[in-house]
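*Asks:* Let chain A serve as the given structure and place chain B on it in line with the hints.
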Amino acid sequence: MGDSQYSFSLTTFSPSGKLVQIEHALTAVGSGQTSLGIKASNGVVIATEKKLPSILVDESSVHKIQSLTPNIGVVYSGMGPDFRVLVRKSRKQAEQYHRLYKEPIPVTQLVRETAAVMQEFTQSGGVRPFGVSLLVAGYDDKGPQLYQVDPSGSYFSWKASAMGKNVSNAKTFLEKRYVEEMELDDAVHTAILTLKEGFEGQISEKNIEIGIIGEKKEFRQVALFIFPLCVSA
Amino acid sequence: MDNANIGIPPKGGFSFDLCRRNDMLSKKGIVPPPSYRKTGTTIVGLIFQNGVILGADTRATAGSIVCDKNCEKIHYMAPNIYCCGAGTAADTEAVTDMVSSQLQLHRYHTGRESRVVTALTLLKSNLFKYQGHVQAALVLGGVDATGPHLHTIYPHGSTDTLPFATMGSGSLAAMAVFESKYREGLTKEEGISLVCEAICSGIFNDLGSGSNVDICVITKGDKEYLRNHQLPNPRTYISSKGYSFPKKTEGTCITKLFPT
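Protein chains in written order, with the working numbering: chain A, 1 to 233; chain B, 234 to 493.
Pulled out of the complex, with its shape left as it was, chain A reads as follows:
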């Protein structure tokens, strides 16, 4: 409609009630590499494909899955540099919470604070929204949790979710495959199969990243050794 006239300024609503910059941010996310997460009964797994622009890139230097605290990890779809900034801010907030309350930050609190940062950038002058959606996986006293945070600052808790290029196929696959009371090992297997669905080229432990958190509440990155065990010939 007259939307295009309102699409350059972040802080102006369009007549249809949308903030067009946020829609554009979601498009940026949708063209990013696929990532997904599955919540099992005794843990959470997050995974992403790690397609590098050239075979000359040193893949061990690229970390798409990061830990925010010892028991909370995060993966993204969208713009890598924006992700780095958010990870830095979230880690700082988790540390500040710990300094103030002397307890490890609960997953919901960290998600809320990260979402608040992302929302700030949709209501300020001279900035643009973050071009990433995050999948935050954590294990605290309330058990395993998986949250998705969007560029607008809204967040949802999911049993299983996907983001990025292949999102509709991946979500359909997950809907079919998801079982309540699934265990962590099955969840990892399902995650790899879902990634494989939309993968261009040969999937291997060098071009995916997997992060898991189990009952021990320690978030670890495991692609290199778990992948050969899970994939059947």
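This list has only true hints and no planted wrong ones.
Listed below are the simulated DSSO-like cross-link pairs for lysine-lysine, each with C-alpha atoms no more than 30 Å apart in a straight line:
| hint | chain 1 | residue 1 | chain 2 | residue 2 |
| --- | --- | --- | --- | --- |
| 1 | B | 456 | A | 92 |
| 2 | A | 102 | B | 453 |
| 3 | B | 453 | A | 92 |
For the record, the hints were derived by calculation from the structure and aren't laboratory data.
*Replies:* Coordinates of chain B only, in the frame set by chain A:
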């Protein structure tokens, strides 16, 4: 972007606003200056064969009263770095807490084990910023990728790097023990017994130190926190009859019953 930051105080530095008022009040004798809890203390550290041993006593004083008979003076900074603190208890706890938090963030960003010099620089910059008003005298020790390190940090922000160090009101008593008995290449048992001797020397010869001995042994990849390793001041003469007295032991003057 700053509209979300309303109510956050201005950054950095000690605010000297109330110092003139405090000076005036104490000169006039109207209000006695508040007595704060000090850790008149003996804290020591030494480097042995495989790493660092830190030791501390456990008495905290407020003026001439012992307010904590078993406080913890060896503070955690990083999995491989610990710090003993002497001076004002709140200052040592706050400053080691803050730097420990900063080190944790630094570990996330670099993906590496923290180095002792990093902790040292963060602490000394912080103390210098406050121009000695943060009364924390620290003995910092740890083992990192470059080997074992031991440093002392003074309240104004100067530091020393030493093979053995003592701080606090009992530092002279403890240093006397170290100076006569320290040598390079001590084993772990020899190191622990020497540290215990030095702390005990402080406990018995200094009024500001007392109670028990805490030890922390840090080696490459491992640490042992020996809380209350030695208890040279046990409570003697505990009455076997207990300490509760039957009613009317003291004799009552008036009895008044209130409905419950």
